[in-house]
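Those protein sequence lines, which keep their order, are chains A and B. The opening residue of the first sequence carries number 59 in our numbering; numbering runs sequentially from there. The opening residue of the second sequence carries number 59 in our numbering; numbering runs sequentially from there.
Since the hints were made in silico from the structure, they are not lab data. Possibly wrong hints are sitting among the right ones.
Label pairs and their calculated CB-CB ranges [to be verified]:
#, chain 1, residue 1, chain 2, residue 2, range
1, A, 148, B, 80, 41 to 49 Å
2, B, 162, A, 122, 22 to 30 Å
3, B, 79, A, 175, 25 to 33 Å
Derived DSS-like pairs (lysine-lysine); straight-line CA-CA distance at most 30 Å [stated by the list, open to error]:
#, chain 1, residue 1, chain 2, residue 2
4, B, 74, B, 101
5, B, 109, A, 166
6, B, 109, B, 166
7, A, 109, A, 166
8, B, 145, B, 109
9, A, 101, B, 166
10, B, 69, A, 166
11, A, 145, A, 101
12, A, 69, A, 166
13, B, 109, B, 74
14, A, 69, A, 109
15, B, 166, A, 145
Covered stretches of chain B (in silico footprint by chain A; criterion: 3 or more residues with CB under 8 Å from a CB of chain A, positions within the stretch not fixed) [said to hold, decoys possible]:
#, stretch
16, 136-146
17, 168-177
18, 180-186
Heads up, the beta-carbon is just placed ideally off N, CA and C, and yes, glycines get one too.
There are 2 protein chains.
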Amino acid sequence: MAKDLFHEVVKVALQKEGWEITHDPYTVNAFDTTFNIDLGAEKLIGAQRDKELIAVEVKSFIGNSYVYDFHLALGQYLNYIRGMRRKDPGRILFLAVPESAYLSFFTKPDAQAALVDFGINLFTYSDNNSSIVNWLPQQKTQL
Amino acid sequence: MAKDLFHEVVKVALQKEGWEITHDPYTVNAFDTTFNIDLGAEKLIGAQRDKELIAVEVKSFIGNSYVYDFHLALGQYLNYIRGMRRKDPGRILFLAVPESAYLSFFTKPDAQAALVDFGINLFTYSDNNSSIVNWLPQQKTQL
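Work the whole structure out from these sequences, hints included.
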């Protein structure tokens, strides 16, 4: 339930910045449908603004461990990127994380290095007022 | 508790095949110690046989969703590999999964493609008799 709430927060935040929500969910990997059970199928959001196309993986980081949540987000991100390169190569994948989690975890040198090495495009959002705080795309976007 | 059980099963299975358990846990990433909380710090096993050095990430795949468990395992695997390349480049990382989960999930074409694309070295184990069933290393081991 809380997870769905963050999903809605990010949709509103994107719309505030002029993005049109085109897919909810946006699906890319075949095994999300083959094994379409509960937690397994993370619901990406597809959005468009002018000619820009993005997919957004929304994370709450409200679990007990930032490292656990980060590893899960990373595995999903890299596997979705893998699917998108084949099926929808013009679309950019973003990981959406709460600004508070970004400040607590992602600003650490080890986490920053991981973001760079894995080429993770990220934006932070405020769950208080459903807004995007910072867009943090990476230059390098290979696996 | 169940998770620890699988960890012990794999240690015994490795020893049966002549591996010496040299590290338990084997740690590689700095943020496992910075954020050393419960679920966050997956406990790898370090083992040696003659001049072969391996680290093993033990997974039970007993959760509700293979896709969820796979994404978590993938994120951990790729982040541990990233650390090992810097700190312990002579050691090979293996993902250990139950034979039953391998047959149910990893034999699917989409999962096989992911294993190849991400260069994941894997072995399967039997939790009935604490033995290794199949060693399935990949040739390609880049990110």
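### Query
Okay, which hints does this one fail, numbers in order?
When the structure is compared with the hints, numbers 5, 6, 7, 10, 18 turn out to be violated.
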